[in-house]
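Engineer: Residue numbers (my numbering), protein chains in the order written: chain A, 1 to 289; chain B, 1 to 316.
Hints are computed from structural coordinates only; laboratory data are not their basis.
Each hint should be verified, as a subset may be incorrect.
As the list claims (entries may be wrong) - Listed below are several chain B residues computed to face chain A (Cβ distance under 7 Å; list not exhaustive):
#	residue
1	Ile-113
2	Tyr-252
3	Leu-263
4	Gln-283
5	Gly-290
6	Met-293
7	Val-299
8	Ile-302
9	Leu-306
Note that the structure is predicted; figures quoted are calculated from it, not measured.
All C-beta atoms in this analysis are idealised placements derived from N, C-alpha and C, irrespective of residue type, glycine included.
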Amino acid sequence: MAALADAQPGRAAPAPAPASATTSRVRQRGFPLWRWAILSIAGLYFLIPLYAALKFAGYKAFPDVVHETGFTAALALSVRLAVITTVLTLLLMVPTTVYVHLSLPRLRRALEVITILPIVIPPVVLIIGVLQIAPAALKGTSNLLALEYVVLAMPFAYRSIDAGLRALDLRTLFEASSSLGANWLTTLWRVVLPNLRTALLSAVVLTVALVLGEYTMASLDLYQTFPVWIVNFEQSSGPVSTAASLLALFVTWLLLMAIVTMASRGARRRGGAEVALFTVGRQGTGDSR
Amino acid sequence: MCSANQMADNLAPAQAPGIRKDPGAAPRRLLRSALNAGLRLAGVVPFSVYVILGLLLPTAAIAVGAFQNSVNGHFTFTNVDLASHGIYLTGFRTSIELSVLSAVIPGIIGFGIAYAIHSARRGAVLRRVAITASGVFANFGGVPLAFLFIASIGTTGIVTGWLNDLGINIYAGKFSLFTLTGVLLAYMYFQIPLMVLVILPALEGLRPAWREAASNLGARSWHYWRYIGGPVLAPAFLGCVLLLFGSAFSAYATADALTAGALPLTSIQIGSFLNGNVIAGQQNVGKALGLGMVLIIAVVMIVYTLLQRRAARWLR
Chain A
1 MAALADAQPG RAAPAPAPAS ATTSRVRQRG FPLWRWAILS IAGLYFLIPL
51 YAALKFAGYK AFPDVVHETG FTAALALSVR LAVITTVLTL LLMVPTTVYV
101 HLSLPRLRRA LEVITILPIV IPPVVLIIGV LQIAPAALKG TSNLLALEYV
151 VLAMPFAYRS IDAGLRALDL RTLFEASSSL GANWLTTLWR VVLPNLRTAL
201 LSAVVLTVAL VLGEYTMASL DLYQTFPVWI VNFEQSSGPV STAASLLALF
251 VTWLLLMAIV TMASRGARRR GGAEVALFTV GRQGTGDSR
Chain B
1 MCSANQMADN LAPAQAPGIR KDPGAAPRRL LRSALNAGLR LAGVVPFSVY
51 VILGLLLPTA AIAVGAFQNS VNGHFTFTNV DLASHGIYLT GFRTSIELSV
101 LSAVIPGIIG FGIAYAIHSA RRGAVLRRVA ITASGVFANF GGVPLAFLFI
151 ASIGTTGIVT GWLNDLGINI YAGKFSLFTL TGVLLAYMYF QIPLMVLVIL
201 PALEGLRPAW REAASNLGAR SWHYWRYIGG PVLAPAFLGC VLLLFGSAFS
251 AYATADALTA GALPLTSIQI GSFLNGNVIA GQQNVGKALG LGMVLIIAVV
301 MIVYTLLQRR AARWLR
């Protein structure tokens with residue numbers, strides 16, 4: 001596999017360890033060859049199917065996507081669901097997570113376990129139960145989907161916000177702010193949220209990615225969202241449908257990249273910790289808890 | 001807890017600060033602290049209500065429905081009995097087999113990748129690309145994913161063609177994209193990124209100081225992993241693998257798209273109940289299957305919680 005690693009000159013060059021940081025020099029001493037080998041194999045595993053699909057779709061299919069019947073309606077529905085889901089998720093998760101960090105740190109572990117449940121409870125099972133107990137007024141609208149997507153988004157939203165909060169000294173912020181006369185909500189709105197910008201952005205992108213890609217619930221609830229449209233449309237034109245799904249994938253990825261790049265640039269300027277989706281880089285060896 | 005008390009005060013202006021001067025201060029203080037504790041929990045009420053309505057109640061409804069006759073709603077064991085025999089038992093078996101494989105293999109690979117990312121320089125482009133890609137691919141699935149694999153290693157796929165040119169015909173043996181092996185290969189596409197996302201925080205919890213201390217004491221890399229890194233990370237690693245098990249177990253869209261129902265998986269069988277491809281009067285068998293899945297997941301999650309508690313001893 002060394003040959004494969006060499007075939008990618010941009011990736012194969014091991015990054016020189018910064019002279020000042022002794023810790024990273026210790027970390028990098030390991031097995032650079034082993035590291036590049038595994039990353040190259042993984043890269044191939046993830047890129048080859050994308051390449052194959054791109055080749056199948058053909059570049060001409062991409063401009064056609066927007067003109068297909070049903071595309072606009074399906075995308076509009078998905079975007080509407082994404083907006084509702086994102087707003088509800090933020091309204092629900094941000095105050096709760098901040099509150100738990102601040103006043104009920106003991107509940108953090110419980111919250112962690114509860115918010116992981118939507119990853120493991122099968123959506124097929126969940127949607128049966130939801131359709132069974134939902135009031136008729138709600139069952140007739142696609143809003144029911146948005147309400148359930150909030151549940152599905154919890155694992156990603158909670159982890160992003162939690163990672164962001166761990167990088168802040170929340171207690172000091174609240175004490176300083178309340179000694180200046182601000183109440184809880186004011187502090188949350190004007191002090192905590194601006195500091196959480198990156199974490200919130202990544203929560204938003206992950207939520208949007210989830211809603212734009214969710215198929216199981218939407219199809220079983222009989223709504224033609226974007227992913228359901230892609231599947232239905234595949235019967236009439238495979239290449240166009242493939243192009244549409246590749247497009248969705250790349251756009252989400254680019255958005256996430258932009259956010260993380262922006263955020264880490266800002267963090268470097270301010271000297272803060274790097275926030276990358278779920279993890280927070282430690283500053284020095286200081287313990288954050 | 002200073003700020004917490006201030007918060008409770010903001011929420012309850014009725015609790016005047018002067019109350020402490022009263023003669024019966026002690027019992028009142030007790031009452032007050034109980035009140036405070038109650039008020040402090042009030043902050044998580046909206047979240048709890050949402051989780052109960054959106055997650056727990058639907059799950060409970062399945063459990064109840066599993067024991068109801070599909071037609072008249074009377075109590076019965078027939079659904080559970082049907083769901084635990086024949087094709088449905090095969091479904092559970094295949095589901096578990098597939099989930100174990102697509103938890104362990106991507107778990108190990110994902111750990112390797114996460115470690116490689118973790119040891120790369122902070123802020124490096126590679127790191128950013130890998131982490132964001134994990135976020136996106138962990139949510140990828142269904143027909144688009146099935147299509148990616150049909151286009152690459154299907155009978156007329158690109159990779160199949162390349163291998164054919166090299167004289168290797170992967171379809172000469174028993175391999176097919178529409179079997180367990182094929183589905184496993186496709187599941188890895190979202191399982192590996194999920195592993196990277198969930199194990200990275202644990203890796204970040206390994207203090208560089210431990211490594212330095214170990215090497216000061218003369219430990220080689222192997223010693224470090226055998227006596228420090230390994231034991232510290234083991235509970236977190238196992239916990240993440242269990243999570244992957246749950247994720248694979250609950251997956252539906254990808255297997256459905258890839259095998260069109262040819263592979264007996266429980267989630268697909270449940271889906272067919274919802275799609276209406278089912279004998280009349282047996283609708284609630286789907287709920288019994290759902291209950292079975294939830295029970296298996298419950299066991300997995302209990303073990304996961306115990307492991308997380310152990311992991312938290314050293315990490316974070």
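Engineer: Tell me if the interface restraint on Gly-290 of chain B is satisfied: Cβ within less than 7 Å of some Cβ in chain A.
Structural biologist: With Cβ-Cβ at 4 Å, under 7 Å, it holds.
Engineer: A closest beta-carbon separation below 7 Å is what the hint needs, so does Leu-263 of chain B meet it against chain A?
Structural biologist: With a closest approach of 15 Å, the Leu-263 of chain B hint is violated.
Engineer: Once the shortest beta carbon distance from Gln-283 of chain B to chain A is found, is it less than 7 Å?
Structural biologist: violated, 10 Å
Engineer: Please verify that hint: Leu-306 of chain B, Cβ, nearest Cβ of chain A, below 7 Å or not.
Structural biologist: Constraint on Leu-306 of chain B not satisfied, violated at 11 Å.
Engineer: Please verify that hint: Ile-113 of chain B, Cβ, nearest Cβ of chain A, below 7 Å or not.
Structural biologist: holds, 5 Å
Engineer: Was the hint right that Val-299 of chain B lines chain A, CB cutoff 7 Å?
Structural biologist: violated, 11 Å
Engineer: Report holds or violated for the interface hint on Tyr-252 of chain B, using the least CB-CB distance to chain A and a cut-off of 7 Å.
Structural biologist: Holds, about 5 Å.
Engineer: Would the hint on Met-293 of chain B be counted as holding, given a Cβ-Cβ threshold of 7 Å to chain A?
Structural biologist: Since the shortest Cβ distance to chain A is 5 Å, the answer is holds.
Engineer: Quick one, is the Ile-302 of chain B hint okay against chain A at 7 Å, beta carbons?
Structural biologist: violated, 10 Å
Comparing the model with each earlier hint shows violations of hints 3, 4, 7, 8, 9; every other hint is respected.
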